[in-house]
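Sequences listed follow chains A and B, in order. Using our numbering, read the first sequence as starting at 1 and increasing by one per residue. Using our numbering, read the second sequence as starting at 1001 and increasing by one per residue.
Heads up, some of the hints might be wrong.
Unchecked claim - Listed next, with one range per pair, are the computed distances between beta-carbon atoms:
no. : chain 1 : residue 1 : chain 2 : residue 2 : range
1   : A       : Pro-461   : B       : Gln-1043  : 34 to 42 Å
2   : A       : Phe-455   : B       : Gly-1077  : 43 to 51 Å
3   : B       : Ile-1228  : A       : Ala-323   : 23 to 31 Å
4   : A       : Phe-121   : B       : Glu-1049  : 51 to 59 Å
5   : B       : Thr-1111  : A       : Asp-318   : 54 to 62 Å
Stated by the list, open to error - One side only, chain A facing chain B, incomplete, derived with CB under 10 Å:
no. : residue
6   : Ala-22
7   : Gly-26
8   : Gln-175
9   : Pro-221
10  : Gly-534
Unchecked claim - Pulled from the structure, derived: some chain A residues nowhere near chain B, Cβ distances all over 10 Å:
no. : residue
11  : Tyr-50
12  : Ile-105
13  : Ala-118
14  : Leu-234
15  : Leu-294
16  : Glu-441
Since the hints were made in silico from the structure, they are not lab data. All residues carry an ideal CB built from backbone N, CA and C; glycine is no exception.
Below, each chain spelled out in residue letters.
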Amino acid sequence: MHGRRAVDRRQTAGIVALAAIAILLGGALLGLLAEAASNWSGAIAAFDGYMARIVRFTLWQAVLSTILSVVPAMLVARALSRHPDFPGRSLILRMFAVPLALPAIVAALGILALYGRAGYFAGIFSALSGETWPGAYGLSGILVAHVFFNLPLATRLFVEALDTVPADQWRLASQLGMRAGPSFRFVEWPVMRAAMPGIAGLVFMLCITSFTIVLTLGGGPQATTLEVAIYQALRFDFDPARAVALTLLQILLTAIVVAVLAKLGANVTGDANLSVASRRTREATRVETILNGLVIALALLFVAGPMLATVFAGLDADLGRLAGESTVLRATATSLVLAILSALLSVCLSLSLVMARRALELERRTGSRSLFERLADTGAGFVLVVPPIVIGAGWFILLRHTGNVFLLAPVMVVAVNAVMAMPFAIRAIRPAYDAASERHERLCALLGIGGRDRFRLVDWPVLRRPLFTGFAFAMALSLGDLGVIALFGSDAVQTLPYLLLARMGSYRTEDAAGLALLLGLLCLALITLADWLGKRADD
Amino acid sequence: MRNVISSLLGAAALVFALPATAAEKLTVYTYESFTAEWGPGPQVEKAFETECACDVEFVSVADGVALLNRVKLEGAGTKADIVLGLDTNLTAEARATGLFVPHGVDPGNLTVPNSWTDDTFLPFDYGYFAVIYDTEKLKTPPASLKELVEGDPEQKIVIQDPRTSTPGLGLLLWVKAVYGDKAPEAWAKLKDRILTVAPGWSESYGLFTKGEAPMVLSYTTSPAYHVIAEDTQRYQAAAFSEGHYLQVEVAGITTTGAKNPLAAKFMAFMTTPAFQDAIPETNWMFPAAKTSKPLNPAFDKLVKPAKTLAFGADEIAANRKAWVDEWLSAMSK
């Protein structure tokens, strides 16, 4: 009886989490629909030849970006996972979370500092090609930037998935004398394949909604995404009907791609036995070690390059003065408070959803999944494809008559950031939770352990690290977020990225570069802290 | 440690602060760079509060377009007494909302180019769009829009997207004013010179100062910032023989403000030196009325347009969508 009740409780938690997402998105769309009620012509007129071109480009760049991010990420993650003692491994993994916290324009300028017309490499590229290097603009520039953001993210998530392989399997593989090939086929690939649809889906969602990167590096309006069209609809044209129609189109396109990806994935049958082997042993041949080292080094160079350029640009700023400014200190504090609150909320909601999904999977006897289970699986992701300006505008319309919208602004920022970070946190938490459940579910049912006891004694020790990883992702994402504040009026919530863009918008580019450095360091420090808190359990 | 805690508490207080309840209060909606600490907002607020013995509350949104959308969404229930920061590209649409009342100020003391006849919106500053170039990279800047369009495609310019940015729309109108029906052909030619079309002014200016392109679309007043704040002559505006396109920034009284006597006082105050003194070196635009002292000499050395180009507000409102579509198809080929 006990076990049964625990399952119900997990499902209830999932319903609460899904409801939070549904309210956030539904509210926004409802607000816009109410405003649009009188005039639908814009929604219908939206679908013309121009829109068809936009859709084609949006999908094309997102698919290419996803492939170029996810495939190399698998190689890098595998290399990192085969060499737990690789020098600087944990620092590399921490650094890989930083791009998430960088505003898109900072990353774009970092990338151009290397590959732009006036970049460090422009001379070499010009010499090699025999003509003036045109700079990384157009589709290639967009792809470089998207891979810069998403390769590190995907790598971290794949490493997290590979970490769930029980030590026994590694030992067995090693005892059977498996070399890299067979061990990849039998041990690593199944885990990565199971994680792939989720990770690729996440990357796809981040790329399909790209805005600043696409416009800044795209070279002209032939590089336009749906996100830009939605923004345009809500800005100069102020046409809510059109914005809603385009948002729904974006959701539909994403749903199709996610469904296709799900077909490519596979469900692994986890190992129901408790692991008895100690730290995993992995034997790599010398050739493999060199190859893996090379893969890691290349990825590191690619990711660290623009980050170093950002650091150098930041060092030119008057950092002493900046760090002493009360506005900067206040913005830092505001960013920290909001990021920590969002991350906490995000991890709680994500864990609820992960638990509910697993409980539903266990309960299911037939092969087909219920709508609830499907939603618990991928529902959170769709938050990412609803543009922040839509959420901001929709909720503003709903709340405008409640009195003081500004008082609600911080609440909205925390709620939206928390929900936006859920897809990241879920991907960090789910592999570990499912693997642990596979091992402990029956034991818990047998011993009648459930509820809080189960979480404290059984789940927490295993989940501690992935929970903190999820926390770190959510925090990084919230730190860099600018989105929803815009329509609510920014006076109430002045965060670091807001301040950065404000300085940039009034000629103070050096200050902006300094603030970007500050933001990056803050993110790295928080991630190191989250890693350390998560790791203590292993000692 | 104590500093950290107090700044955390400060942030919490800031985040959750309740608005002060003063008896006499004026609420002004404006854009962010106006209220920024280095913007005109703080000076203007102080000056007017001394004059009226009241409390001025600024509420800021991203920019002029967001400002108009905000007021539209709030409708007659808006808290704003004054909306400050729309430009002449938006006034026709703003007027059509029926949310604004006549300003009641004599336009006689205004110093804006062309004579001002609008009785709903009152200017507080103005500027001209211009191509800013890097003197270290470009020895002979284009002397006309025609030279820009037909010049060496290897000498690039960064512009902004008219779908997302005010200066971007400015260039579109500038080209339209000079080329008329031939604008699509001009854009098709200029296209090869455009390094990229940034979403906003900040991104484009960032690319320009990073050295990615020797030219950027900005304002004739941009060099004044570099001279006064950074003490460098490196960035200059190119004077175009066809003339420069004008941008006038305006404020208006809302129907809510019509009930607040402070609103009319503020509009009158806006055309006095106490307000105008703040404009040149914080907003980096030209004052719309007399200042108490002559401007910094750096402003005298700026490009003086041979001709002021401007469309009427109604003409823009009627054609903007068609012109942007025309730009899109010319640029997407």
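Here's how the hints hold up against the structure:
1. A:Pro-461 <-> B:Gln-1043: 34 to 42 Å: 59 Å, violated
2. A:Phe-455 <-> B:Gly-1077: 43 to 51 Å: For Gly-1077 (chain B) against Phe-455 (chain A), whose Cβ atoms are near 48 Å apart, the range 43 to 51 Å holds.
3. B:Ile-1228 <-> A:Ala-323: 23 to 31 Å: 25 Å, holds
4. A:Phe-121 <-> B:Glu-1049: 51 to 59 Å: Given about 54 Å between the Cβ atoms, the range holds.
5. B:Thr-1111 <-> A:Asp-318: 54 to 62 Å: 36 Å, violated
6. Ala-22: 24 Å, violated
7. Gly-26: Hint on Gly-26 (chain A): violated, closest Cβ of chain B at ~19 Å, above 10 Å.
8. Gln-175: Since the shortest Cβ distance to chain B is 53 Å, the answer is violated.
9. Pro-221: 5 Å, holds
10. Gly-534: Violated, about 24 Å.
11. Tyr-50: At roughly 7 Å from the nearest Cβ of chain B, Tyr-50 (chain A) sits no farther out than 10 Å, so the non-interface label is violated.
12. Ile-105: 5 Å, violated
13. Ala-118: 4 Å, violated
14. Leu-234: Non-interface label fails for Leu-234 (chain A): nearest chain B Cβ at 7 Å, not farther than 10 Å.
15. Leu-294: The claim holds: Leu-294 (chain A) sits with its nearest Cβ about 32 Å from chain B, beyond 10 Å.
16. Glu-441: 42 Å, holds
Figure legend: structure checked against the earlier numbered hints; hints not met, in rising order: 1, 5, 6, 7, 8, 10, 11, 12, 13 and 14.
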